[in-house]
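There are 2 protein chains.
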Amino acid sequence: MNRKELFNIIKKKKSFLCVGLDTDINKIPKHLLTYDDPIFEFNKQIIDSTHEFTVAYKPNLAFYESQGSKGWDSLEKTVNYIRSITSEIFIIADAKRGDIGNTSALYARTFFETYDFDAVTLAPYMGLDTVSPFLNYENKWSIILALTSNKSAADFQYIKDKKDINLYETVLNTAQTWGSTSQIMFVVGATKAEALTDIRKIAPNSFLLVPGVGAQGGSLEEVAKHGLNDHCGLLVNSSRGIIYASNNIDFGKVAGEKAKELQVEMEVYLGDKGLL
Amino acid sequence: MNRKELFNIIKKKKSFLCVGLDTDINKIPKHLLTYDDPIFEFNKQIIDSTHEFTVAYKPNLAFYESQGSKGWDSLEKTVNYIRSITSEIFIIADAKRGDIGNTSALYARTFFETYDFDAVTLAPYMGLDTVSPFLNYENKWSIILALTSNKSAADFQYIKDKKDINLYETVLNTAQTWGSTSQIMFVVGATKAEALTDIRKIAPNSFLLVPGVGAQGGSLEEVAKHGLNDHCGLLVNSSRGIIYASNNIDFGKVAGEKAKELQVEMEVYLGDKGLL
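These protein sequence lines are chains A and B, in that order.
Residue numbering for the first sequence follows this note's numbering, beginning at -4 and increasing consecutively.
Residue numbering for the second sequence follows this note's numbering, beginning at -4 and increasing consecutively.
Simulated from the structure, these hints should not be mistaken for laboratory data.
Accuracy of the hints is not assured; some may be wrong.
Derived DEER-like restraints, expressed as beta-carbon distance ranges [claimed, not checked]:
1) B:Lys6 <-> A:Asn134: 18 to 26 Å
2) B:Asn3 <-> A:Asn224: 54 to 62 Å
3) B:Asp31 <-> A:Lys248: 42 to 50 Å
No residue lacks a Cβ here, since even glycine has one placed at the ideal position from N, Cα and C.
For reference, chain A alone in the conformation it holds in the complex (with noise of 0.2 Å):
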């Protein structure tokens, strides 16, 4: 998917919603527990209730790794469900992949192949190598960890260099020259929103995607007013608020409840801006 499709899908929809599938078997309702593949299930009803608010499924693959093979089946059924039942949205693999030369195109080979992903997370600690096999894909995205939303991202990627500059801002401007806003967008964690106008400055034109809106404590408005610029620019990740809203029978409707209160609230931040 490229640029303008993607932001042809957030007017369509008037949403920049990401939902985020962080299935862990513990936490799902138990009466799921007696399917095949009580992940995908999950999933699916997921998929069924909230894609009509959503433009983007972000799978945390540590989720699925936790389960051996079958969680990777589990994995590919939910990303060929996606494709199955709708063109309009943007799969990501939140995998925080990085590596040499030869092990990253064995990774962007598994994501845009083996796996239809159009986007996949990257850590950025071992510079370009890490990111330009994933770049040699046309209409597939890196997403680079810039500014992460959890407590320790201050360890290293607020490390000042002589010229002031935090670690998370040299990434954000290394990372423009390896590729184009149509290639490359960078995480910026929802808990560091004001962060935003900052990052605005250094990266005006990249998508964002935003994860820790909800659960960890980061404000869709607050989002919205620092990070939104000419065409979007957000992918905001919402994850247990939305999955784990109810653990019962209906979790699917509620799921879906959830990402419809996100969505109108987005749709709102849109035409604010104008984008609608």
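Place chain B on chain A using the hints.
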């Protein structure tokens, strides 16, 4: 496996060799493709012929993931096979994972419970949260990227802060406060062997996992000279130089010979250091 046990195996085998199981379906000898699981069959023969000279194996997860769920089955069989033939091997999941706490907890569950690895490689960009769930497992190890062997390592790892300290040095300093030298190792690329002297000043007692010897151009002699400490403190990895030394039916035998060559050289360095 704890630190003392690891050192004992090193002394017994007179080796600090780690064999990287970067098993690529496109690179293994063609006659293996008739097997049900060619990747496992390749690994099995490599393990049979090298384990006598080797203290560790390091499957690089990218190679298994690129095969989808089948690849994870091959990985599981490989780990279980090693465990079935010897208790004297340290097994590293070269995964370079790194995520927020609840996600890292799942990765830890994957590598230390679903699969029986001794250690996992981790990217430090997101800080302590990334590592702490792994530290909760007794006799398991976190191997944190410090200075990597790839060309673009310099993009961020050599950024100097206001006190003239490189980012990789800050990672070494900070991560040592997170856990003991029986819990944390560091990845240090062999292509930067001269940097090992400085690294040993910062982390004198830590084990270092050193990739990049052989195909990537690093010298074992230099690594040993600058890196060995009083309990060895090194695991030197070779992947392509061993596992792809022959592409014929004799690939296992040739891999064994290559591993033995390195072991013999390592025995000299261990002896010179008075460790045998």
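Worksheet item: Out of the numbered hints, which ones does the structure contradict?
Response: Of the numbered hints, just 1 does not hold.
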